[in-house]
Each structure stands twice: as C-alpha cells, then as structure tokens.
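Each protein sequence line maps, in turn, to chains D and V.
For the first sequence, position 137 matches number 137 in the working numbering, and the numbering has no gaps at all.
Counting from 1 along the second sequence, just add 528 to a position and that's the residue number in the working numbering.
Don't take every hint at face value.
Covered, in the sense of this in silico footprint (three residues per stretch, anywhere, with C-beta under 8 Å from a C-beta of chain D), are these stretches of chain V [what the hints assert, rightly or not]:
id : stretch
1  : 615 to 622
2  : 768 to 775
Computed cross-link-like contacts, SDA-like style, restricted to lysine to any residue with a CA-CA straight-line distance of at most 20 Å [as the list claims (entries may be wrong)]:
id : chain 1 : residue 1 : chain 2 : residue 2
3  : D       : LYS222    : V       : SER671
4  : D       : LYS34     : V       : ASN707
5  : V       : LYS617    : V       : LYS676
6  : D       : LYS396    : D       : PRO508
7  : V       : LYS762    : D       : ASN202
8  : D       : LYS309    : V       : LYS784
9  : V       : LYS852    : D       : ASN235
10 : D       : LYS458    : D       : ARG432
11 : V       : LYS676    : D       : ILE354
12 : D       : LYS329    : V       : ASP816
13 : V       : LYS848    : D       : ASP265
14 : V       : LYS831    : V       : GLY854
15 : V       : LYS848    : D       : ASP364
16 : V       : LYS824    : D       : GLN316
17 : D       : LYS34     : V       : GLU844
18 : D       : LYS329    : V       : PRO570
19 : V       : LYS762    : D       : PRO508
20 : V       : LYS784    : D       : GLU312
21 : V       : LYS824    : D       : SER263
22 : V       : LYS848    : D       : ASP294
The hints are simulated quantities; they were obtained by calculation from the structure and are not laboratory data.
We treat Cβ as the ideally placed atom computed from N, Cα and C, and that holds for glycine.
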Amino acid sequence: MSNPLVDMQKPDVIFAIGTNMTECHPVAATGIKKAQAKGSKLIVADPRRIRLAEIADLYLPIRVGSDVALALAMAHVIVREGLVDRDFVADRTTGAEAFFEHVGQFTPEWASKICQVPATDIETAALWYGKADKGAIYYTLGITEHICGVDNVQSLCNLALMTGHIGREGTGVNPMRGQNNIQGAGDCGAVPANFPGFQPCNDPTSVEKFSKAYRREIDGEKGITKVAALNQCGNGIHAMIIDGENTVVSDPDRNHCEHALKSLDHLVVIDIFMTETATLADIVLPATSWGETDGVQTNTERRVQRLRKAVEPPGQARPDWWIVSEIAKRLGAHGFEYHSAKDVFNELCELSPIYNGLDWDRIDKGEYQWPVPTKDHPGTPILHIDEFKNGRGIFKVIGYRDPAEVISDEFPVWLTTGRRLQSYHTRTQTGRSAGIDYLLAEESLEVNPEDLEAWGLKDGQTCKISSARGSLEIKIKASDVSPRGTVFTSFSFADVPVNILTGSGYDPITETAELKVCPVRLDAIPDA
Amino acid sequence: MIAEAEPELKALTMTVDNQTVNFTEGETIYQVATRHLGEKIPTLCYDDRLEAFGGCRLCVVEVEGMRAPVASCTTKATDGMKVTTQTAKIEKYRKTLLEMVASENRSVDVDPLSGYASQELRTLVDHYDARTGRFAGKKSGTSNYDDKNPFILRDYDNCISCYRCVRVCAEQEGDYAINVMNRGFATQIITEFNSELRDSQCTFCGQCVQTCPTGALGDAKALRATEVEGKIEKTRSICPYCGVGCSVDIMTRGQKIVGVQPAMDGPANKGALCIKGQFAFDFVQHEDRLTQPLIKQEDGTFKEVDWDTALDAAAEGYRKVLEKYGRHAIYGVASGRAPHEAAYTMQKFIRAGFGTNYIDNCSRA
C-alpha cells in the first residue's frame, strides 16, 4: 500500500475495485465503513454484489476481466472534463500527453459495452474520483489475478497520477495483501527478480554485493517464476523445496500441478500439516507453527512487526529457518550458523536498504513502516510524497484485452473464484479450528436465482461444472451476490478442488494466473 | 481546493482535583482528567474507541457552580472549569449505583476467559465493596442459550445495558447486527427479528465479546478452557491470517493456547479483529500436526525418522540432482505464511547454495 491503513478513514472518495474487503480483510474494511460514516463516497467495481457493493454509494457490477476498459473510460472523462491535476502532472510525471491522447477514443459508451454497466455510472465514477480532494484506490487479487494483471494495476496508477491522488494523506494506490507475510516474502528476496530489499538480480552492483555476502558467485540474471518452474518439472527442473504452501490446492490447474510435482526426482516439503502437496514429497519436515515461533512479518502497509512464541511446538517440529539452514550446511553452503530468529532477521536488515534502520529490538512495538534507511529514520507511512522511486511517475499507454478464454457455446458461463470470510485458503488452518464448520461446512457454487431457472437447475442440487481443463461436482447455492451469467466459488475445500478448472492463462509479465476468469459449463446431474 | 488554515489553538486550562491542567477544545472532562491523572474515574459504559454514551453514570464528577454531579464522559471541558473527581458524596453515589448493578446480575464473578473487558464490573464492585445485596430483587435481561453458535456466549442475565456491544458493532464494525429491545428492567440485547447471530448481519468478529464489561457476552471458545489449570498468560503477537497484520494477545494456560484477544494498542487494528483472527487459532495444537520428520518408502508410505536422517537425505537428494542436471535444476518456494526468517533463509539457500535466482513465493496464486 502506498498509504497506511489509518488513511482509509480520510479520503473524500474511495474507489474499491476487485476487492472483497469485508470478507478477505475485514478489519481494514471497518476503515472504509467509518470513512463513509464521516461522509466519504464509496465507489465499488466488482462483478459480484458483495457486501461492499451493498454499502457503496455507486456500484459498478462490471463483467469479470473488464477492469482496464473501465479505467480507460474513467481517464477519458477526467481528461474531457478538465479534471486533470495539471501541476502534479507537470511536476511529477512523464508520458502524460501520449496517454491523454490515447484515452480520447475510449468513451464511457465504448466501455459500457465491455463492462456491461451503464455509461452514465462510469461517468459518475470518473467525476467523483476526478473531483475529489483526496481520492484513494483500494484493490486486491480481483485486479491482479488476470492475464492483464499488470495492465490493470497500471491503469489504476494512471488514474492516480492524472488526478494527483498519490503521495498525500488519504490518497494512493493501495493493494491489500492477502497473506499475513506475503509482503515479507517479497521483502526478504524470495522472488526470482530481486535480492532482499528489492535489489534487482540483474543489477551488477547488487549481484556483487550478495555474491560477496553469501561467499559464492550468483547468477547475474533473473530466475524463473514458480509458474515457469512448474511447467519445467521433469524437463529442466528436477528438485524442489516447498515451504508452507499447499501448491496443488491453491494453484491453478491442479492436474498439471500434481503431474509436475510427481515428475521431480526430489521434493522436500516443510509444513505443519500433511497437506495434499506434502503427500507428494519424498521428505516431509515438520515446522513450528504460529504461536510457537519467534519471528517477523510485514503487513500490507509495510509495517514490520514481531511474532512471538507462546507455547512449545509439538514433538520434533522445528522453525523453518533452522530446517533450511541445516540442509544448506549439509550442502556446504556458507553463512547458515544462526542461533536464533534474531540472528537471521538482523542479517536481513544489514543487507536490505529498506530495512537498514531496523533491527530485532527496534521493531519490538511495530511502529515502523519501511523504507527505514537509517537508525534515526522514523519510517515511511506514505510513499511517493516528494518523488517516485525512479524519479517521475510514468503514464503507461494501455489497451483493453479480452481474458485468455471468453465464454462460448461450449463454456457459456463466467466462473470467478475467491475467498470467504470464514475459511482461509486451503483450510489447512481454518478447517482444523473448532466451530468454523457451524458457519461454513461445505463449498457451494453461487448462482443467480434467475439463471438457475433459465438453466433448469435447482438450489441445493449437485451439478457438474466443466472448463477446458477439467470438471468436478459441486452443490449449487442460489445467491443474488452472483450476477446473471457469472458464478462463484472459493478454492478452500479439498473435496471441491476448483483449481482443476482454472488456469486458462497467465499475465505475461508476472506470470500470475488468471484465477478470476474461467469460462465454464454447468450440467445437471440426474438424481441417483 | 484551498486548504483551510489551522485554527489557532488557544491555551485552555481547567483544574482537576486542584491540579491545573491543559486541554484542547472539544475534549470531555473524562478525557482531560484521565490523561492527567490516570484512570481514576470509574466507568462501565465507556470504551475509548466509541462515542461517549453517558449511560452508567459512574463517571460523575462535581463541577464548581453546578448543582448536581455531571457525567464526565459526556460533559465537555470548558476554560477555567473546576472539577473534583473523588468527593465522599460522589464515591457514595458510585457505590450505590454499583450495588444496584451488582444486585440485578446473576453473578459479578465471571471467568477472565470471557473477554478482554470482562473483569471491569467485578473489579469495581470489589473496589467499592458493593456486594451488599441491598437491592436484591428484580432482574433484567434473559440469557439466550438457544443460540448454539460456538463462538459467542449470550448470557444476558449478566447484562447491565451499557450498550457497549451494540455500539461497537455499529461504530467500529459498521455491521449493526445487534440492537436493543425495550427499556428499563425489560431491556434486552437482540438481533434483528430476535434471531440467532448466525442469521443476522453478525460476522463473529468478537468485538462485542471483548468490550463487554460483565461477561454477559463471553468468548465461548476460550471458555472451553475453564477447567484447564494454570494462570492465564498473554503473549503479544500478530494474527496469522490476512495481510492487515492485527496485533493479538495469545492466551495460554501452561502449554495450551486457550484463546486470542485483540490488542487494543495494536498499530494496525486498534483492538479490532475478525472471525479468523479471533476464533480460528486451534489449528496450532490440532492432533493432525506433523511432529516427526518423514521419509517416503518404496511403497509410497511415510516412515518417521530422526532429524539427522531426514536432513542428510534431503541434502543428498539435492546433491544428486545438482550433479546430474546442474544448478538450474533446483527450485525453491518460500511461504507467504511463515515469518521473514523462513523466507530469508529459503532465498539464501537457493542463492548461496546453488548460485541461482530460482526462488519464488506463493504470491502468484
């Protein structure tokens, strides 16, 4: 997030797109509700009539995968109505004129046909956001899990740049991170393009720095993503180590993923449960869990906070850092003689410019948001105040593209997937917490009641749902949350492995899967 | 838009218990007094995250020039005001109020596992020696034991109608799931249509439980550990679910995690939690946990081994692949759920171990 969570109560206009915040980030969503109570206007764009849509001042039920078209048309209106922040654009950005000329062709009427919402509502959204003193954008995976995920994000950045809604209190472009330490995993350099602290793997200075620190020569080019690695299993990639991820249930195209992991010569999985992924491993190593581990995690607003151990782990379970270090030492790697989580974290701080000002003791109270470059630095709650990381904010000229697969006679229904309030990810945790079943005992496919009637299906009936990749059986639930022609389910329940269906395409830059769009067909299963 | 000029702050002063103190316009007597003197003024309906309510009347103070005591939580401080917080008259008034409250509840002694604020009534009743039973008789509130939800105990026999639950649900959560029916002794906290919480707008965030000062609303999950021996210890940590990073206190008795309470001073959540952070903690000590390193046998089953055997085999597997296929045949996947130290050592394992950047985490799915 460019801005801190407390800023959620400060904008005049909040534009929430592709985020089911009341279910996926419920505590953050309370900030939006409070902002509304103080008079802020809330614009929600989401295919599903989620709770946030219910409370919105303006709701745009856009078709799945049409976000770029919406943003282009909003930019069109902002230019046409003279709502561009000319000073901000002149002082802080580059590429504006080409972008402004580009959006001239993308009228709300044009977008209306793609997004399937009234042009006047697109117009209103643009006017509200464009005229706001403080406009803030919030988004989640509804923006990124598309073949055009990067385009989606850059489209939102274009809107913020042209209106100057960034670098100030109560504004910004704010992605809500979905997992407790997914931000931290990136901060720590567990990505193929960056060393710790987002120092590029293809930057010679950084390569030299880490080659020296780690006492061995490191490649001067980026690695491959996990998606690419899974594609190369058995043909290029022959061994993996997976920590705390139930890859075969959470990732797209489950059959492909299972096949990939099975074709490895050597697979080590570190986890707290025997997950579906762990069963495929040659060696399974028991890790300590939350509540049993001292450590650090970074939240969605870049706040670096301490986790503390409250109880002893069961049996022989050990901290992940210890397990990985022991394997590394056995392979002769240098620098794994850690005695505690503190040793590991302090090494990270030394090597990462955004953490240079931090250390284990300094983050005791969790008051710092990175970057914290020096020991006397107060932290950075708001990014981009005086300048952008690379100098100027760059407008990107982007066009609309259809999703990787679009509905057809064979697969005439849009499927979109996500999470639910009561369950988390693949339910390795929530599925083992007493009481959750009382509220959410099984998975279901949410279908609009009018569609049910039109398609000859019934509420509570089990149907077969198929995509170009596979099919499975799922119970139908009539729900007004689903719009006509679009159905929804979560990926949480192992007995309804919805990711058998997904995986139609990947963003060419991030290789993030298009989990939010998958054309499917529903077929009734005759009663036995 | 032109930024409005900050209004010039006038130096405002008042006296509280003969001390001259500063305050800013808009502050209540309670806020000023508490900031300067600490939490000396008793309250039951007060939660500093909520709008002042003025319902319990325990926070009354004497103000020079005013005939009757005033509720300090709803009375704004004014320049030159002279306030006394602890006179004999006020203390007697507070004791009488507490005697009345205590006499109409089934019990003022509730298990501390009930919730964060659950001991407030008991503490005050003991402080004011108010267990006199002078007003024993009519009771208010009817417990709703029919609501079988596994998270929130609804024991309204112990309700004192402070409305903190109703207000936290509305003001903090924006859910408006619960409301008040009737007045006086007939007061009852209900959901819309007086149904079960599951059928209301309730999201089971637990905020009502944690603000309840009497245990009328109780953390039903934590209360399962009533019989577990040992003092309740609290360990400050961060919730393990989404990316908001809410601060929590993990409650333990001995080696058992018995519950979670929100940290009121948590920088990201200021006391708020959701159903997962509040109630979905017991996966940690679930019987399904892996407790031993495992190696897969020829027949596909796993065999328990000691750490050295497992780690040697793990390293040997990578060594063989390295020899046969080279450095770029090995790939590491770090967790977005485990702490920094896990992700950091994993990327270092790949980079220092094999000299490649063949490392990723689960953020692409």
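### Query
Of the numbered hints stated previously, which ones are contradicted by the structure, given in increasing order?
1, 3, 5, 7, 10, 11, 12, 14, 15, 17, 18, 19 and 22
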